[in-house]
Structure formats: structure tokens, C-alpha cells
Amino acid sequence: MSGPLHWIRRSLFSSWPSALATLAILWLAARWLPPFLDWAFAQAVWQASDPRACREAHGACWAFIGQKHRFILFGTYPFEQHWRPAAASVLLILLWFCSSFRRCWHWWLAAVWLAGLALIGALMWGGVLGLPYVENERWGGLILTLLLASFGIAFAFPLSILLALGRRSRLPVLRYACVGTIELVRGVPLISVLFMASVMLPLFLPAGATIDKLLRAQLALVLFAAAYLAEVVRGGLQAVPRPQVEAAEALGLSYRQAMLHVVLPQALRLSIAPLVNTFIGFFKDTSLVLIIGLFDFLSTIKVSLQDPAWSGFGVEAYLIASLVYFLFCYAMSAYSRGLEAAPARAAAAGLRRE
Amino acid sequence: MKARGLALQAALAAALALLAWWLYSNAAANLTARGIASGFAFLRREAGFEIGETGLLAYSAADSYLRALAVGLANTFRVAALGIVLATALGAAIGLARLAPNWLLARLASAYVETLRNIPLLVQLFFWYALITESLPAPADALQPLPGLFLSNRGIFFPLPGSVPQLSGFNFAGGAGLSPEFAALLAGLATYTAAFIAEIVRAGILSVSRGQRDAARSLGLERRAELRHVVLPQALRLMVPPLTSQYLNLAKNSSLAVAIGYPDLVSIANTTMNQTGQAIEGVAVIMAVFLTISLSISAFMNWYNRRAALRGMAP
Chain A
92 MSGPLHWIRR
102 SLFSSWPSAL
112 ATLAILWLAA
122 RWLPPFLDWA
132 FAQAVWQASD
142 PRACREAHGA
152 CWAFIGQKHR
162 FILFGTYPFE
172 QHWRPAAASV
182 LLILLWFCSS
192 FRRCWHWWLA
202 AVWLAGLALI
212 GALMWGGVLG
222 LPYVENERWG
232 GLILTLLLAS
242 FGIAFAFPLS
252 ILLALGRRSR
262 LPVLRYACVG
272 TIELVRGVPL
282 ISVLFMASVM
292 LPLFLPAGAT
302 IDKLLRAQLA
312 LVLFAAAYLA
322 EVVRGGLQAV
332 PRPQVEAAEA
342 LGLSYRQAML
352 HVVLPQALRL
362 SIAPLVNTFI
372 GFFKDTSLVL
382 IIGLFDFLST
392 IKVSLQDPAW
402 SGFGVEAYLI
412 ASLVYFLFCY
422 AMSAYSRGLE
432 AAPARAAAAG
442 LRRE
Chain B
216 MKARGLALQA
226 ALAAALALLA
236 WWLYSNAAAN
246 LTARGIASGF
256 AFLRREAGFE
266 IGETGLLAYS
276 AADSYLRALA
286 VGLANTFRVA
296 ALGIVLATAL
306 GAAIGLARLA
316 PNWLLARLAS
326 AYVETLRNIP
336 LLVQLFFWYA
346 LITESLPAPA
356 DALQPLPGLF
366 LSNRGIFFPL
376 PGSVPQLSGF
386 NFAGGAGLSP
396 EFAALLAGLA
406 TYTAAFIAEI
416 VRAGILSVSR
426 GQRDAARSLG
436 LERRAELRHV
446 VLPQALRLMV
456 PPLTSQYLNL
466 AKNSSLAVAI
476 GYPDLVSIAN
486 TTMNQTGQAI
496 EGVAVIMAVF
506 LTISLSISAF
516 MNWYNRRAAL
526 RGMAP
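These protein sequences, in sequence, are chains A and B. Every position in the first sequence, counted from 1, becomes a number in the numbering used here once 91 is added. Every position in the second sequence, counted from 1, becomes a number in the numbering used here once 215 is added.
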């Protein structure tokens with residue numbers, strides 16, 4: 092016996108408990124799915140410039156997003172200049188997309204990133220090529236989330252390698268300093284690190300010196316991400332077989348040469364997938380800057396809801412926010428799974444060749 | 216080589232000490248300029264703000280900051296403890312469902328895990344809060360999915376032995392209630408962490424080799440006994456360390472309460488910092504509490520881990 096009937100019997104009704112579970116799921120779906128679809132699609136208001144249209148309807152108010160999308164995407168950036176953060180966002184996403192290919196992992200990628208980030212900075216700040224200057228207090232929306240995540244990872248990653256190497260150092264002072272930093276940051280919630288940067292750091296600077304709020308939040312995020320990434324890198328370092336280090340030493344390589352040319356390339360290759368997973372967590376965590384008053388993507392959505400005319404559509408707004416974050420994170424996690432599968436595939440191909 | 220190492224360490228120690236001294240002197244100068252007395256003396260002063268939810272501790276605005284922070288800490292413990300219990304139960308159920316032979320159930324469970332893991336917890340908390348406060352009806356028309364259980368935009372109410380929630384005025388009296396803030400935070404923390412726990416449970420069970428289960432069955436053990444005596448003891452040993460870190464994450468994530476207005480330790484400390492300007496002390500309190508929680512949970516789990524490992528090894 093084969094075919095769809097067989098499949099249904101085997102995978103949905105193989106035993107009494109299984110059959111009961113299938114029936115329960117179907118019953119719940121029959122009960123909840125039609126009202127949900129009705130709310131989300133059939134009765135929904137897709138376009139309206141007047142919130143009353145939404146209040147009279149019985150469905151979702153997607154028109155809210157249409158009305159507020161400019162603010163949600165670009166925050167308080169000057170309206171007629173919105174093409175600049177839009178171009179910067181596209182550029183940043185393209186940079187990430189291009190960096191995801193293995194054949195791009197060369198030294199020139201760092202140069203491409205530097206050039207890309209410089210271009211993004213020029214676009215966002217302006218003041219060159221006839222672009223009016225826009226101070227970073229006015230940056231907001233999706234681009235801010237993308238920038239916090241990108242700059243965060245760009246600085247946290249090298250720092251995390253130093254912390255991980257320091258944690259495995261033979262020098263006790265260095266080791267304790269690194270262990271202390273990593274464990275302290277990992278032991279407390281991100282929000283307390285952000286508070287530290289937003290309310291405590293200004294007290295520790297000399298009188299008159301100030302660092303703006305965005306930069307302080309970015310520093311906190313870098314420190315936080317570096318502590319978590321450092322533990323992933325340490326895992327990779329531990330997985331490099333000891334004879335590799337001994338062989339490097341036997342060849343007369345210095346510590347720096349051994350690390351740069353023998354240990355780190357292997358350790359990082361081993362930890363790519365967990366690094367991407369940590370990065371997904373970090374991308375989600377950038378949403379916490381809302382609490383210290385920065386206008387990231389989630390924050391602009393929340394502020395849009397404070398418009399009295401359009402308040403009360405939080406469910407719709409946060410469903411859209413969820414969808415956007417999900418798309419970014421799911422793309423990254425699919426990529427990470429692909430990376431994990433790649434060595435296995437390569438090994439299988441190698442076996443077949445033999 | 217040795218001399219170089221020593222010199223390097225001495226330089227590092229000196230640099231750190233110098234940095235600490237520089238930060239300290241800046242802070243001292245700034246605090247004097249702003250007229251803030253450093254130290255924890257402010258904890259005895261009157262707080263002067265009300266707390267929406269005080270749990271079992273009595274509190275009024277006339278009480279001290281110390282008492283306000285204690286109420287916050289108790290609230291953090293309350294939501295974290297309940298969250299851990301719910302997340303473990305839900306996570307175990309979903310982890311097992313992912314391994315179920317039923318295709319529909321397994322697919323649903325993995326869709327759950329994929330969805331919840333890929334959305335920031337803060338978004339989920341806002342979503343739950345909006346769902347409760349905007350989509351649920353007012354107490355007068357509260358939903359009653361089970362007799363005595365009421366869902367309304369003022370919170371969730373359920374009966375206790377000898378006391379049933381009754382509508383009185385604009386809200387419920389009697390029984391026990393969860394405020395919208397607490398309910399949203401608890402739901403968000405439990406469902407989010409459950410997605411991670413489900414993966415741990417699944418990996419733990421998959422790690423027990425097929426041969427072990429076959430051996431148990433050939434010894435004539437029933438399915439339940441096989442799970443209880445053969446699969447779980449081995450799976451648990453692998454599951455304990457990652458579970459520990461999930462529990463820690465849940466406790467730390469409970470600090471997001473500040474964003475939806477549940478008065479946990481962090482949001483009370485935040486109010487205190489805003490009122491008194493004692494930013495250093497406020498952040499220090501938060502960090503000290505969470506470091507203590509982190510260290511005690513990991514100490515407990517290490518102890519349990521050793522015990523589980525030894526029992527697992529014993530013949």
C-alpha cells in the first residue's frame with residue numbers, strides 16, 4: 092500500500108493518541124482559523140486616511156501601517172530627505188548579502204565594508220556633495236536598527252576575539268581582566284548595560300566632555316555582543332586540536348603568528364554557525380535601545396501608536412513588527428543552518444569521489 | 216619571555232588602575248558639581264511614588280527607597296519563578312511534540328519554535344500587552360473560557376478555594392487576579408523561553424542512542440518505565456547545562472518589565488535613579504542582584520549536575 096492515503100494513515104493516524112492529536116488540531120483549526128482569517132483579511136481595512144474607517148470595521152487595521160510607514164521606516168529624519176536612509180538601508184542589506192558568500196571571505200571584504208560604511212555615513216550625515224547635514228539625533232526607524240546591529244557586530248567581533256584569546260592567556264592579570272569583563276557582562280541583563288551607558292557613563296566623563304546618546308548605546312551594545320561572541324570564539328579555540336598549536340610552536344612561529352595563521356582560521360571556521368546564531372540574538376536585542384529612548388524600528392512603531400487618532404491598533408502594529416524582525420532573523424538562521432550542513436555535504440561529496 | 220610577560224601584566228594592571236582612578240575622580244567631581252551625595256544613604260529616604268503591584272509586601276509612597284526596591288525584587292522573583300515553571304512545562308511539551316510520530320503535531324511544534332525564536336522578546340511583550348489591553352473586553356463583558364476564569368482588559372482573574380471572582384463596579388473582586396502587565400510579561404517570558412527549552416529537550420532526547428532504548432525494551436520495560444529509567448536520566452544530564460542558561464536568560468529577560476510598566480526591580484531602580492540622580496548606585500543595585508541570581512542559579516545547577524552525573528554513572 093502506498094500513496095497519499097498510506098501517508099495519512101502512517102503520519103496522522105498511526106495510533107490512538109496520534110489520531111486524537113490530529114483530530115484535536117483539526118478541530119481547533121476549524122474553530123480558530125476562520126475567525127482569524129476573517130479578522131486579518133476579509134474584514135480588514137487595507138487603506139484609509141481616516142482612522143474612523145478602522146474603528147467602524149470589525150477586522151484588522153492594516154491602514155495604520157500605510158499611514159505611518161514613513162515614520163516607522165525613517166523616524167524623524169527630514170521628510171524630503173527620506174531617500175537617503177532608504178538608500179543606506181538597501182546598501183547595508185546588500186553588504187550583508189554579499190558577505191554571506193564563502194567566496195567573498197577575503198581580506199578585500201574588510202575594505203569593501205569600510206568603503207560601504209563610509210558611504211552610508213556620508214548618506215546619513217550629509218554635509219558633503221550638497222547633501223544637507225542631518226544630526227544623528229534625528230536618525231530613526233529601520234535604518235537605526237540596521238546600523239546599531241551592523242556597527243555593533245563590526246566592532247564587537249574583533250573585540251570578542253581579543254577577549255577570547257585573553258581568557259586563554261597564560262598571563263594571570265590579562266586572563267582575570269578578560270574573565271571578569273566577560274562574566275560581568277554576561278551575568279547582568281542587557282538593559283542594565285544600556286542604563287550604564289545612558290545614565291552612568293556621563294558621570295564618569297570629565298566635566299564638559301559628552302558622548303552623544305546614540306554612540307553611548309552603540310558602545311554598550313558592542314560590549315554586550317563582544318562578551319557573548321567571546322564565549323563562542325573560545326569554544327572554537329578549544330576545539331582546535333592541541334597538536335596544531337604544538338606544531339606551530341615547533342616551527343618556531345611566535346604567539347601572534349601561530350594565532351593568526353594556524354589557530355584562529357580553524358577556530359573561526361568551526362564557530363561560524365554559532366556566531367551567526369549569536370548575531371541573530373544580538374539583532375533582536377538591539378530593540379532594547381527603545382527603553383533608553385532611541386528611535387529604533389520598534390520604537391518608531393510604538394511612538395506611532397501614541398498618536399491619539401491611531402491609538403488602539405497595537406496588535407496589528409506589533410504583528411507587522413514581528414513579521415519584519417522574523418524575516419531578517421529567519422534569513423540569518425536559514426543561512427546558519429546552510430553553513431552547518433555545508434561541511435557535511437562536502438564530506439559526503441568527498442566520500443563519493445573516493 | 217618570562218620577563219616580557221611580567222612587564223606586560225604590570226603595564227596592564229597599571230593601565231587598569233589608572234583608568235579606574237581617572238573614572239573615579241571624574242565621577243567624584245561630577246557628583247560634587249551636581250550636589251549628589253554618593254553612597255547608599257538615599258535608600259533610607261522616602262520614595263514618594265506608588266507601586267501598582269506590591270505582591271505580598273505592604274508598601275505605600277511614604278516607605279523608603281529600600282522598601283520600594285525590595286518590592287521590585289519580590290516582583291522580579293514572582294514573575295521569574297512562575298515563568299520558569301510555565302516555560303519548562305510548555306517547552307517540554309513542545310520538545311516532545313517535535314519528536315512525535317504525528318506529522319501535523321511535529322510540524323506545528325517546529326513552526327512554534329521557529330516563529331518565537333526569531334522575534335525579539337520585547338516585540339512579543341508589546342504584542343501580548345496590546346492583545347490584553349486592546350483586544351480583550353472590559354470586565355463587564357469579560358470572556359469566560361472556563362467557569363470562574365475571566366479574561367478582561369483589566370487583567371486575568373481566576374478562583375481560589377473559597378473565593379470566586381465577582382464583578383463589582385468596574386473590576387473584579389475576590390479570587391486571584393493577574394494584572395495586564397504581569398500577565399503579558401509572564402505570557403511573553405514563558406512562551407519565548409519555551410521555544411528554546413523545546414530545542415534543548417529535543418536535543419537531549421535525541422542524544423540518547425537508539426541502542427539504549429532497544430535494550431530497555433528487550434529487557435521487557437514498559438514505554439513509561441523506559442522513559443523514566445533509561446532515556447530521561449541520560450537525557451537530563453545533557454539538558455541541565457543549557458537549561459540553566461535558559462533559566463538565567465529568563466530571569467535576566469524579566470527586566471524587560473520596565474518597557475510595559477510591570478514594577479520589577481529594574482523599573483523601580485529606574486524610577487529611583489530618575490528621582491534621586493543616584494545613577495551609579497542604581498545600576499550597581501541592579502547588577503549586584505542579577506549577578507547574585509546568576510551565580511546562585513549556576514551554583515545550584517552545578518550541584519544538581521554533579522549529582523545527576525554521579526547517579527547516572529552509578530551501576
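Mixed in with the good hints there might be a few duds.
To be verified - Some, not all, of what chain A presents toward chain B, calculated at C-beta under 7 Å:
id, residue
1, Thr113
2, Leu114
3, Trp118
4, Val279
5, Phe295
Claimed, not checked - Residues on chain A that point at chain B, a partial pick, calculated with CB under 8 Å:
id, residue
6, Gly278
7, Ser283
8, Ala298
9, Gln329
10, Pro332
11, Arg360
12, Ile382
13, Lys393
These aren't lab readings, by the way, just hints derived from the structure by calculation. Cβ coordinates follow ideal geometry from the N, Cα and C atoms, glycine included.
Evaluation of the provided hints:
1. Thr113: holds, 6 Å
2. Leu114: violated, 10 Å
3. Trp118: violated, 12 Å
4. Val279: Since chain B brings a Cβ to about 5 Å from A:Val279, closer than 7 Å, the hint holds.
5. Phe295: Holds, about 5 Å.
6. Gly278: holds, 4 Å
7. Ser283: At about 4 Å, which falls below the 8 Å cut-off, the nearest Cβ of chain B leaves the hint on A:Ser283 intact, so it holds.
8. Ala298: Holds: closest Cβ of chain B sits about 6 Å from A:Ala298, inside 8 Å.
9. Gln329: violated, 15 Å
10. Pro332: Because about 23 Å separates A:Pro332 from the closest Cβ in chain B, which is outside the 8 Å limit, the hint is violated.
11. Arg360: Where the cut-off is 8 Å and the nearest Cβ of chain B is about 23 Å from A:Arg360, the hint is violated.
12. Ile382: Holds. Min distance 5 Å.
13. Lys393: holds, 7 Å
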